[in-house]
Amino acid sequence: MDYAIQLCVSFVATACFGIIFNVPLNRVIPCGVVGAMGWLVYYQCTLQEIDPVQASFLGAFAVAIAAHALARKYKTPMIVFNVSGIIPLVPGGIAYNAMRSAVENDYLMSLQYGSKAFMISGAIAMGLVFAEVLMQLVFRSLRRLRRQHALPKK
Amino acid sequence: MTNNEVQINEFALESLLLAGRIMIESGAEIYRVEDTIQRMAQSQNIMNVQSYVTSTGIILSLGPTQPTRITSIARRSTDLEKVALVNAVSRKLSTQIITLAEAHDELQKIQSTNYFLPTYVQVIAAAIASGSFLIMFNGQWQDFFAAMVAGGMGYLTYLIAHDLTRVRFFSEFTASLIVGLLAFFAVRYGFGSQLDKIIIGSVMPLVPGLPITIAVRDLMSGHLLSGLAKGAEAFLTAFAIGSGIAIVLSF
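Residue numbers (full-length UniProt numbering), protein chains in the order written: chain U, 1 to 154; chain B, 1 to 251.
It is worth saying that the hints were derived from the structure and are not from the lab. Some hints could be false.
[To be verified] Which chain B residues stay away from chain U? Per the calculated CB distances, all over 10 Å, these: (1) Leu18; (2) Gln50; (3) His104.
[What the hints assert, rightly or not] Under the rule of at most 30 Å between Cα atoms (straight-line distance), these lysine-lysine pairs were calculated in the DSS-like manner: (4) Lys92(B) to Lys109(B); (5) Lys92(B) to Lys73(U); (6) Lys109(B) to Lys116(U); (7) Lys109(B) to Lys73(U); (8) Lys92(B) to Lys75(U).
A virtual CB, placed ideally from N, CA and C, is assigned to each residue, including glycine.
Put together the whole structure using the sequences plus the hints.
Have a look at this one:
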């Protein structure tokens, strides 16, 4: 039940972000699917008590792979899909806590939350880039394999 | 070089520059812009095109003996539909489905059209997104309505303030201030219970997701200058949101 709610909610939130970022209207639903996938991976990781930094990395990885596949399918630039997809992973809550502690003159806590938020955003960025590099490698070797198999037949 | 050839090259230069300009203004990555310019030029048999693209301007030359142009870009927004449309035009041009003149007409049409959905649709989307984020961050269903109102009003404030002042920092600051105030009063008058969760959910529509993604993407592909510039933009936005909320929290 909890899963179903999280799935629906993350799908809706990401699709709405697609509307705010003005993605083409017929791409709004795929955007939501990408976001829901990333969030489910993240959610499952946090349930198994994996650190949020690693969980964000895995979530962003999933988002980028889904976005890459959809970008190829719809022949649309990849940012259309992965920009709204990573929004659920952005450490809004932790950044908020950092700010709140700073306002309450608790600078030590603020630094602690701030570093955490920084680590998580770094992890998201790494997840995106790693997935993209991996996909490029896979597609390049696939193409090479296809070419090698095609040549002897001629 | 004949006079006619010069004219053709001038026209090609103008079209390439227009395509690059639209893409940067709508928030595309630098490497994609350079790639698009390269592909469009190659489809017109211009082989040694050189472009220097940053997020604040483009320098473009068609070759050693050819003209060079500069365009400066002051305003950037997030409009992924335009990125997709320019991408489609460049695809069609490089597979020779349309000519350069047709491509130029299409680009001009893309630049002058406003593809944004009506304001109320955007505000409703922001409101629903805020409510959903509240649930995703382990909020309670009874706060759902408060988060929706705060998020929607916050985004509306952002749009109005941006229209009036054209200063992004100011509009983001006022928007987050409104979000903070609405959340505060909702909790005080019993429409919500957890102030923190309501605020976190409602500021999400203002979060600079696109600049962060693109900054990293640019840095990784070697466009250090633009990556840092985009990063600065994202940092300014985050700072604006933070200070707006901080003012409410400090009372």
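Hints versus structure:
Chain U leaves Leu18(B) outside its interface by the beta-carbon criterion, the shortest separation being 18 Å against a cut-off of 10 Å. Distance check on Gln50(B): its Cβ is at least 23 Å (rounded) from any Cβ of chain U, clearing the 10 Å threshold; non-interface status holds. Interface exclusion of His104(B) from chain U stands, the closest Cβ pair being 21 Å apart, more than 10 Å. At roughly 16 Å between alpha-carbon atoms, Lys92(B) and Lys109(B) fall within 30 Å of each other, so this suggested pair holds.
A hinted pair counts as satisfied when its Cα atoms are at most 30 Å apart, and Lys92(B) with Lys73(U) qualifies at roughly 17 Å. For the hint linking Lys109(B) to Lys116(U), the alpha-carbon distance of about 45 Å lies beyond 30 Å, and the restraint is violated. Between the alpha carbons of Lys109(B) and Lys73(U) the distance comes to roughly 26 Å, so the proposed pair stays at or under 30 Å and holds. Restraint check: the Cα-Cα separation between Lys92(B) and Lys75(U) comes to about 12 Å, which is no more than 30 Å; the hinted pair holds.
Consistency note: the structure conflicts with earlier hint 6 alone.
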